[in-house]
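K.L.:
Those protein sequence lines, which keep their order, are chains A and B. Quick note on numbering: this note's numbering labels position 87 of the first sequence as 87, and the sequence is numbered without any gaps. Quick note on numbering: this note's numbering labels position 392 of the second sequence as 572, and the sequence is numbered without any gaps.
These aren't lab readings, by the way, just hints derived from the structure by calculation. Do not rely on the hints blindly, as some may be mistaken.
Each pair of labels, with its calculated beta carbon distance range [said to hold, decoys possible]: (1) T434/B with D155/A: 39 to 49 Å; (2) K580/B with G59/A: 30 to 40 Å; (3) A72/A with L519/B: 28 to 38 Å; (4) F83/A with V484/B: 54 to 64 Å; (5) D37/A with G366/B: 38 to 48 Å; (6) W78/A with I244/B: 47 to 57 Å; (7) L476/B with S52/A: 51 to 61 Å; (8) V103/A with G386/B: 29 to 39 Å; (9) M76/A with I505/B: 26 to 36 Å.
Just so it is clear, the structure is predicted and the values come from calculations on it, not from any experiment. Glycine residues also receive a C-beta, built at the ideal position from the N, C-alpha and C atoms.
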Amino acid sequence: MSATLTKPVGLLAQYETPADLLHAALEVRNAGYKKWDVYSPFPIHGMDAAMSIKNSKVGYFTFTGAFIGFFAGMIMIWYMNKFDYPIVIGGKPLFTPLFAFPVSYEMTILLGAFGTLFGMAFLNRLPKLYNPLFNVERFKRATDDKFFVYIEAIDPKYSAESTRALLEKTGASAIEVVED
Amino acid sequence: MNLRPLFSSFAAVLALVGILLMSGAPLLAADAAHGAAPAAAAHGSAAPADAHGHDHDAPTPTLIQSFGYSYLTAFLFCLSLSLGGLIFVIIHHLFDAGWSVPVLRLAEHMACLIRPVSIMLIPLLVLQRYIWPWLTVDPAADHALNVKRVLLNQYSFNILLVGIFLLWNYMAFSFRSYSLAQDKDGAAIWTFKARKMAAWGIYVYGFSITLVIILLMMSLQWQFFSTIYGVYYFAGSLWLTLATLYGITRYLMTRELAPVIFPRQIHDLGTWFFAFTVFYAYIGFSQYFLIWNAALPEETFWYVDRERGSWWEVGMLLLFGHFFIPFLALLRIDAKMSLFVMGPLIAWAWLMHYTDMTFNVMPVLWRTGLHVTLFDLICWLGLSAILAKVFWSDYLKYPKWAQKHPRLQEAITHHDIPADPIGAD
Numbered sequence: 001m002s003a004t005l006t007k008p009v010g011l012l013a014q015y016e017t018p019a020d021l022l023h024a025a026l027e028v029r030n031a032g033y034k035k036w037d038v039y040s041p042f043p044i045h046g047m048d049a050a051m052s053i054k055n056s057k058v059g060y061f062t063f064t065g066a067f068i069g070f071f072a073g074m075i076m077i078w079y080m081n082k083f084d085y086p087i088v089i090g091g092k093p094l095f096t097p098l099f100a101f102p103v104s105y106e107m108t109i110l111l112g113a114f115g116t117l118f119g120m121a122f123l124n125r126l127p128k129l130y131n132p133l134f135n136v137e138r139f140k141r142a143t144d145d146k147f148f149v150y151i152e153a154i155d156p157k158y159s160a161e162s163t164r165a166l167l168e169k170t171g172a173s174a175i176e177v178v179e180d
Numbered sequence: 181m182n183l184r185p186l187f188s189s190f191a192a193v194l195a196l197v198g199i200l201l202m203s204g205a206p207l208l209a210a211d212a213a214h215g216a217a218p219a220a221a222a223h224g225s226a227a228p229a230d231a232h233g234h235d236h237d238a239p240t241p242t243l244i245q246s247f248g249y250s251y252l253t254a255f256l257f258c259l260s261l262s263l264g265g266l267i268f269v270i271i272h273h274l275f276d277a278g279w280s281v282p283v284l285r286l287a288e289h290m291a292c293l294i295r296p297v298s299i300m301l302i303p304l305l306v307l308q309r310y311i312w313p314w315l316t317v318d319p320a321a322d323h324a325l326n327v328k329r330v331l332l333n334q335y336s337f338n339i340l341l342v343g344i345f346l347l348w349n350y351m352a353f354s355f356r357s358y359s360l361a362q363d364k365d366g367a368a369i370w371t372f373k374a375r376k377m378a379a380w381g382i383y384v385y386g387f388s389i390t391l392v393i394i395l396l397m398m399s400l401q402w403q404f405f406s407t408i409y410g411v412y413y414f415a416g417s418l419w420l421t422l423a424t425l426y427g428i429t430r431y432l433m434t435r436e437l438a439p440v441i442f443p444r445q446i447h448d449l450g451t452w453f454f455a456f457t458v459f460y461a462y463i464g465f466s467q468y469f470l471i472w473n474a475a476l477p478e479e480t481f482w483y484v485d486r487e488r489g490s491w492w493e494v495g496m497l498l499l500f501g502h503f504f505i506p507f508l509a510l511l512r513i514d515a516k517m518s519l520f521v522m523g524p525l526i527a528w529a530w531l532m533h534y535t536d537m538t539f540n541v542m543p544v545l546w547r548t549g550l551h552v553t554l555f556d557l558i559c560w561l562g563l564s565a566i567l568a569k570v571f572w573s574d575y576l577k578y579p580k581w582a583q584k585h586p587r588l589q590e591a592i593t594h595h596d597i598p599a600d601p602i603g604a605d
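Chain A extracted, bound-state conformation:
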């Protein structure tokens, strides 16, 4: 990756406190931007509301996984105990949902967890091995003691001047063009 970085892909603004970041997020949200994000070393209460982030859709993946898991467990036990290799044990029926329940329940949890994990990765577009933000030296401190707002150039409202003006107005301590 020795090629020169020439194409600007967005603006990165740095803030010194969580409160500054929260207020900046409100401003950016109110200005009508869509393709933007904030970065902080730790979760900030109220940030979801400030960014107008809706509840995650990952629950649907969890439910789908859990639903499939439950019935896969039931069908598996029915197939093995009643159909493929029937053995009478303790005078009990060959199949009833009752004894199949604990295993089906475990399958519900397992596939529900898979649905959550992979659904989350899918919704977050992970794994992602490269991000232009890695080119910015100061961004490393997002995991330490600094707070950032990043607005992407593909946002319909983005313009090099007015976006920079907006970020300056929010009290950013530094603003940098991110290049790719």
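Based on the hints, put chain B in the right spot on chain A.
P.N.:
Positioned in the frame of chain A, the structure of chain B alone reads:
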């Protein structure tokens, strides 16, 4: 410490013991005149082990038995509300919770319903020989009763019930008096006192609720044993209490409690209600599953009785109505805030918990299937109306929320409500 409630509970119990002593003799005489009590005959005290499945020709219950069982069902329902309130308060203090401070006073009032419930216990103790069949069975002739006679004898039965109800009165009224004292001076000592009581109270609560439920509910069929039975009752009780508390809070949040109740409290109560929907089902399933797998006759007969005739349908109603319907209805994060979902569900929870109590109590008397009498309706509505009246007069009498609780400010200022639901803007 305000000792007045304690004294009045004590007076109530004294009156209770007096009535017991006076009524004991004629009841005994009446039983002797009729030979064995009919309920005992229904069970076949001579051959309990094999009588369970074969006594369809059980005699028709007498009017007094019919009333006694209806009353017991309604009583257990009312006891649920009181014990649910008590454990709510205990848990609040144990976890030093912040979010529940605005509804704490309501829970304290619910816990203090133990006083009217203790008075409601008196008719049960008077009618005990008509309700609990084993009281009229000779332990020498019945193996199951003989081995359980340490607990299942008239003295243990009465002394334990009276003692435990006294203890519950003491705990409930102490918690409320601490809280009311703090309203006046705002001293932290009241919180510490309540926390100390909650620390030992949680153990006392666990043991006492199990003992009382064994005596009141499980011993109706004294051959049966299930170690999870007390937890089962507890799970249903707190479930009902949370639904009730949710309804009351929701109603008052737009009225007197508006300054302290925020969506967070509503959402947390709804989430807890959801959690106990699952917990109840987990306990209920565990009990059935273990008994089904082990297939021991002295345990399975209890469920065999409850699969006979229309009791099967009642069991199915519980399975779907007590678990699946509320579970699926509450699964979405925003359902807990929606009055459209929660409103009907609260009424449904009342009906389902009453059905649950019926399913546990009534098959002993009506062996061929569900049998609803006018007594059921009168007892259920009558006793719960008394509780509603007492709760409401307590609510009006005292400050509406814990005025100077150290965590009140935290409960008011921290508004972590869930994000907007998907689709809503």
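K.L.:
Indicate, hint by hint, whether the structure satisfies it.
P.N.:
Outcome of the hint check:
1. T434/B with D155/A: 39 to 49 Å: 41 Å, holds
2. K580/B with G59/A: 30 to 40 Å: For K580/B and G59/A the Cβ distance comes to about 36 Å; the hint holds.
3. A72/A with L519/B: 28 to 38 Å: For L519/B against A72/A, whose Cβ atoms are near 37 Å apart, the range 28 to 38 Å holds.
4. F83/A with V484/B: 54 to 64 Å: Given range 54 to 64 Å: violated, Cβ gap about 29 Å.
5. D37/A with G366/B: 38 to 48 Å: Given a distance of about 45 Å, which is inside 38 to 48 Å, the answer is holds.
6. W78/A with I244/B: 47 to 57 Å: Holds, at about 50 Å.
7. L476/B with S52/A: 51 to 61 Å: Once the Cβ atoms are compared, 59 Å apart, the range 51 to 61 Å for S52/A and L476/B holds.
8. V103/A with G386/B: 29 to 39 Å: Since V103/A and G386/B have Cβ atoms about 31 Å apart, the given range 29 to 39 Å holds.
9. M76/A with I505/B: 26 to 36 Å: 27 Å, holds
Checked against the numbered hints above, the structure violates only hint 4.
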